[in-house]
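**Student:** These protein sequence lines are chains G and B, in that order. Here the first sequence is numbered in our numbering, starting from 1 and rising by one per residue. Here the second sequence is numbered in our numbering, starting from 1 and rising by one per residue.
By construction, these hints were calculated from the structure, which means they are not laboratory data. Incorrect hints may appear among the rest.
What the hints assert, rightly or not - Calculated from the model, a selection of chain B residues having no Cβ within reach of chain G, i.e. all distances over 10 angstroms: (1) Val13; (2) Val15; (3) Ala27; (4) Ala62; (5) Glu95; (6) Glu160; (7) Gly163; (8) His175; (9) Val189; (10) Ala230; (11) His234.
What the hints assert, rightly or not - Some chain G residues near chain B, calculated using beta-carbon distances under 8 angstroms: (12) Ala57; (13) Gly60; (14) Thr348; (15) Gly349; (16) Val469; (17) Gly539; (18) Cys541; (19) Leu574; (20) Met577; (21) Ala580.
Since we're looking at a predicted model, the values are computed, not measured. The beta-carbon is built from N, C-alpha and C at its ideal position, and this holds for glycine as well.
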Amino acid sequence: MTMPAAATERGAALWPPEAGTASGGPTRRLRCCDASACRNAGGIALRQALLAARTAAGLGEGALAIQAVGCLRLCGRGPLVAADGPGGSRLWGGLPLPLADQLVAVVVMGAAELHSGSAAAIAPLPGSAVSARQPQPGQGPWPGIVAGSESEPAPVQGAVPGAGSALGPEPEPGSSPSLVDPLSPYRLDLNHPFFRLQKSVVLERCGLVDPDSLDDALAQGAYAQLRRCVRQLAPEAVRAVVRRSGLRGRGGAGYPTGLKWDTVALQPAGPRQVVANGDEGDPGAFMDRTVLESDPHRLLEGLAIAAWAVEALHGTVYLRAEYPLAIARLRRALEQVEARGGFGPAFTGTSWPLRLELRVGAGAYVCGEETALLQSIEGRRGTPRPRPPYPAQRGLGGVPTLINNVETLAAIPAILREGGEWYAGLGSTPCAGTKVFSLSGAVVNTGVVEVPMGTPLRTVVETMGCGVVGGLPVKAVQTGGPSGGCIPERHLDTPLTYEAMAALGSILGSGGMVVLGPATSMPALARFFMEFCVQESCGKCLPCRAGTVQLAALLDRVVAGRAEVADLERLEELAAMVKATSLCGLGQSAPNPLLSTLRHFRAEYEAACEPGGAGVGAHGVAQTPSPPTFPPHHQPASPQDETGAQEPPAARREP
Amino acid sequence: MSVLTLTLNGSPVAVPAGSSLLEACRAAGVDLPTLCHLEGLSPVGACRLCLVELEGSGRPLAACVSEAAEGMVIRTDTPALRLHRRMGVELFFAEGNHLCAICVANGACELQDVAVAVGMDHSRFPYRHPLRPVDASHPLFSLDHNRCILCTRCLRACDELEGAHVWDVAERGSHCRIVAGLDQPWGEVEACTSCGQCVDACPTGALFHRDDTPGARRVQRGRAALLQQARQGHGWRNQGEGGP
């Protein structure tokens, strides 16, 4: 099975090498990000304005295609619009609606024509600098990632090795482009490290493919590997490729995927199940959402290949209810497959009777834990059960069940296309391949990045993310959500591998990365995550149900400045107990944010215990994580509880 | 029947294959505190008091849900385990409203027994004093949520022995509570057969006979095991030799 040339070439590129020509469509097109973040920023209205502007200009689909696509990565600058034309690709972010007609004009006519011929139509555009700005990605003379921000200071001063040189050439002498091109303040530099250092494997079609169109996905290579597997490769051969790739579970545990597939496949003969875990619940994590909203057929292909490899005939995608757009797109993708007769007839030309279905969660974080997830799929209360037996031995309906994270499965088609060795060569020993991270918090460039495993944390946070807003120093990076910890600035050169993160008391986790500025109080951050665990504990086992409540109460005392040194000892003792004795991963990792901040920022806790100390407010830091750190849709789903009302009187403390 | 040998607190022990670690310990005369476990019901591993250390494993195992394997080296009484058990019992006392002096189960309470066993004389953690109701709608029994430790033994007894599945758990985390039927008053649940097996299974005074006075609770904790044996092994006492 040979791949269309366009699809294979694209493997590593974030942007189409020869834009617009890959699928034989019009040579000029606008790709409008239609994923959640850009939608929330007004992406739909902008796309409609662009369509109206195209109509007003008397143009049709042939002259300029305007397409809804998935994530264009830099979520914090949405709504994002990418333009492909003969000169390459350009990207704009946060464009106001009134500028839609100018954008259409610029893209259709090209900058040179715009300047010489039609300047009157797009007045006021005096000056001669526009013609100097050829639509070459990366040629923009703009500091930072935003075009036309010359008047602003660079986002990070001094703290970003290499970033300064990556910002593009200096402006030409005498030119002042930002005064003449109304679009230039919104132009984003595609040669910025944020884009340039990305290695798109899982996200290779994100931002290029229309997430609602099966035909578009097929034209860009979707299901080609499934067809190849079913027609040419025995299940064992597929598993061998995955084994050689060194792929490890992207949900956070990092279990070798090939080993897991083998474990399921080698169970005694009988039915099997495959499950995609899309219950991405960590605050600050939106990698799986990006995949699902941008390229849903990719997950279906990965899951179908997994089903082939372990000889399952039924698969389930479990999605959290808080992702309505992802649910809608995946549902539509499944309907499109069904409408063509299912996976076997439609894509493989065989009668392979694989059936996939979608199950939507009910808002419990703990259902991302695999045994709780299985309970939830079966319609039971989503509580974990002790392992063994592992789901690979006894899972859904009592049969061997393969459970993989969405991102893990989304990597499978590319691995099969390019080979296991290719994927293994992308990362660093012992972590192969690439990993998607969602960068948020106090960072300048908020968005989704996919980088090779082993990339230093500093590269992602400072070079790509441009550090903290306002040029402030990075205080720490929170990785792994409520199960993870905080990596302090002095450890930012740590490579992003499962082992290196664990050695620092955090975890690589599913890929959520929240950058913390100097104003963040670490005890308050630990309190936030402990409260998250209090809310999201299923209540089955005692240490997680009652221990997290007591830990949160102790952290309340620290945050309020009412703590004593004995409270810190109690915190550590209880945290160790909850970690050691809880039933599932939620409770076992619930103390991690507390323990890692205690380890790296102990002084802040001790300051809160000083007599007369006014707690974390005393040294001029915020009482809670700053609001932008956690977008509203990443808050725990449950309503605020009444634990505050249950706060015991402080006088009840025992000696 | 094949036999496994393991080392328990330094002594070799032989147990039938398929035994849980808890069964192995109890067969060897090593007592482990438990609250959610009741012989005759399926194990859930929720109270985390029966934790044991397995050599070569980084994390303690709940003995009730771990199967014994050949050659295991198990310790049940290390300083860390003692500390964790005691903290666990403290957390149980702090999360509910356990007032022994006015409790029907005073003197016949497994939570009390466990506290004595682990040497817990006070809780270092502040009492949460949750506001919890009492359900006295059933003609024969009552449910005092203040004394409930969420062991789910009532739930499993009703489901596995009586087959009525009257009980379930509602809500999450510290808000968890036992509910009857579709979160109805117990007395209105038609599925309840009033068999009283949940009351017998309750380790504390959360479920009790209406007319019990403080300290007057009578329990038949062996009934679950007896019924299970009867159902599965057909070992009715009034059949075969011996008789009742």
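**Student:** With reference to the structure, classify each hint as holding or not holding.
**Tutor:** Now the hints, each set against the structure:
1. Here B/Val13 stays apart from chain G, with its beta-carbon at least about 21 angstroms from theirs, past the 10 angstroms limit.
2. No beta-carbon of chain G is positioned within 10 angstroms of the beta-carbon of B/Val15; the least distance is around 18 angstroms.
3. For B/Ala27, the non-interface assignment is confirmed: its Cβ lies about 21 angstroms from the closest Cβ of chain G, beyond the 10 angstroms cut-off.
4. B/Ala62, annotated as away from the interface, has a beta carbon of chain G within 10 angstroms; the closest lies near 6 angstroms.
5. For B/Glu95, the requirement that its beta carbon stay farther than 10 angstroms from each beta carbon of chain G is not met, with the minimum near 4 angstroms.
6. With a cut of 10 angstroms on Cβ distances, B/Glu160 stays outside the contact zone with chain G, its closest approach being about 15 angstroms.
7. No beta-carbon of chain G comes within 10 angstroms of the beta-carbon of B/Gly163; the shortest separation is about 17 angstroms.
8. Distance check on B/His175: its Cβ comes as close as 6 angstroms (rounded) to a Cβ of chain G, failing to clear the 10 angstroms threshold; non-interface status is violated.
9. A cut-off of 10 angstroms between C-beta atoms confirms that B/Val189 is not in contact with chain G; the least separation is 18 angstroms.
10. Non-interface call for B/Ala230 relative to chain G: holds, since the shortest CB-CB distance, roughly 26 angstroms, exceeds 10 angstroms.
11. Separation of B/His234 from chain G is adequate, the least Cβ-Cβ distance of about 25 angstroms exceeding the 10 angstroms criterion.
12. The beta carbon of G/Ala57 is not positioned within 8 angstroms of any beta carbon in chain B (closest approach about 55 angstroms), and the interface hint is therefore violated.
13. Taken as an interface hint, G/Gly60 does not check out: its beta carbon lies about 54 angstroms from the nearest beta carbon of chain B, beyond 8 angstroms.
14. Among the interface hints, the one on G/Thr348 is violated; its C-beta lies about 41 angstroms from the nearest C-beta in chain B, farther than the 8 angstroms criterion.
15. Nearest Cβ of chain B to the Cβ of G/Gly349: about 46 angstroms, over the 8 angstroms cut. The hint is violated.
16. Among the interface hints, the one on G/Val469 is violated; its C-beta lies about 34 angstroms from the nearest C-beta in chain B, farther than the 8 angstroms criterion.
17. A cut of 8 angstroms between beta carbons decides the hint on G/Gly539: the least distance to chain B is about 3 angstroms, and the hint holds.
18. The criterion of a C-beta within 8 angstroms of any C-beta in chain B is met by G/Cys541, whose closest approach is roughly 5 angstroms, and the hint holds.
19. Annotation: interface hint on G/Leu574 holds; nearest CB of chain B at approximately 7 angstroms, less than 8 angstroms.
20. Among the interface hints, the one on G/Met577 holds; its C-beta lies about 5 angstroms from the nearest C-beta in chain B, closer than the 8 angstroms criterion.
21. Using the Cβ-Cβ criterion of 8 angstroms, the hint placing G/Ala580 at the interface with chain B is satisfied: the shortest such distance is roughly 6 angstroms.
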